[in-house]
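Protein chains in written order, with my numbering: chain S, 1 to 112; chain V, 113 to 226.
Calculated from the structure, these hints are not laboratory results.
Glycine included, every Cβ here is placed at the ideal spot set by N, Cα and C.
Check each hint, because a few of them may be wrong.
Stated by the list, open to error - In silico SDA-like pairs for lysine to any residue, Cα to Cα no more than 25 Å straight-line:
{"no.": "1", "chain 1": "S", "residue 1": "99", "chain 2": "V", "residue 2": "190"}
{"no.": "2", "chain 1": "S", "residue 1": "42", "chain 2": "V", "residue 2": "208"}
{"no.": "3", "chain 1": "S", "residue 1": "68", "chain 2": "S", "residue 2": "24"}
Claimed, not checked - A few chain V residues facing chain S, derived, Cβ under 10 Å:
{"no.": "4", "residue": "116"}
{"no.": "5", "residue": "118"}
{"no.": "6", "residue": "147"}
{"no.": "7", "residue": "152"}
{"no.": "8", "residue": "153"}
{"no.": "9", "residue": "156"}
{"no.": "10", "residue": "157"}
{"no.": "11", "residue": "162"}
{"no.": "12", "residue": "203"}
{"no.": "13", "residue": "206"}
{"no.": "14", "residue": "217"}
{"no.": "15", "residue": "218"}
{"no.": "16", "residue": "219"}
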Amino acid sequence: QQQVKQSPQSLIVQKGGISIINCAYENTAFDYFPWYQQFPGKGPALLIAIRPDVSEKKEGRFTISFNKSAKQFSLHIMDSQPGDSATYFCAAASGGYQKVTFGTGTKLQVIP
Amino acid sequence: NAGVTQTPKFQVLKTGQSMTLQCAQDMNHNSMYWYRQDPGMGLRLIYYSASEGTTDKGEVPNGYNVSRLNKREFSLRLESAAPSQTSVYFCASRAGQGANYGYTFGSGTRLTVV
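Using the sequences provided together with the hints, build the complete structure.
So, in structure tokens, the structure goes:
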């Protein structure tokens, strides 16, 4: 079963716009929520991560919003740029963090 | 500063053939992982090794075996390849066990089983 549900599957955003990717989880034991960015032909790379004790974390143009009661979290990319075009994966892990469960990915295309 | 190196980058196998995917990291990381990536399925954990000398099953271990050869190397073996194992395989490593340690991924092995 898919423990982390991610939407949308694909997203097209104009340059300068806001890209929003949403994820929902079921396992309340999850307490670490990273996002990974993957460019074609490359492995995923850690972008930003959040713990459930905060509702928002910002790093540059990237912001994670976290809603513990709804078991949802989202990635916002402000002022989206063509260089942001990539596949984004949300993920979740629990104590020990040895097993990270990934969402199905969102392919983002930022058009000029 | 190679990070995580995977070999080969591409491979075509016939059904029933065997092969070993190699992975090596030069960051002195304790934990290593094998994931497969399929369209619409995201990344699914096959096996992992929390530390040298230990290995554990992930979400989709059937049809695979692993060996943690030493701290640097973690190999994935397909004993009798099947078309369902056509996928992109990623090796990853992680420095520690806390939440602050993200994965470092290799660039992947694209495997086709015909």
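Here is how each hint holds up against the structure:
1. 99/S to 190/V: Holds. Residue 99/S to residue 190/V sits at ~22 Å (cutoff 25 Å).
2. 42/S to 208/V: It holds: about 23 Å lies between the C-alpha atoms, which stays within 25 Å.
3. 68/S to 24/S: holds, 10 Å
4. 116: holds, 7 Å
5. 118: Status holds, d = 8 Å.
6. 147: holds, 8 Å
7. 152: Where the cut-off is 10 Å and the nearest Cβ of chain S is about 6 Å from residue 152/V, the hint holds.
8. 153: Holds: closest Cβ of chain S sits about 6 Å from residue 153/V, inside 10 Å.
9. 156: Constraint on residue 156/V satisfied, holds at 8 Å.
10. 157: holds, 6 Å
11. 162: Because about 5 Å separates residue 162/V from the closest Cβ in chain S, which is inside the 10 Å limit, the hint holds.
12. 203: holds, 8 Å
13. 206: holds, 8 Å
14. 217: holds, 3 Å
15. 218: holds, 5 Å
16. 219: OK, holds: residue 219/V within 10 Å of chain S, min 5 Å.
Checked against the numbered hints listed earlier, the structure breaks none of them; every hint is satisfied.
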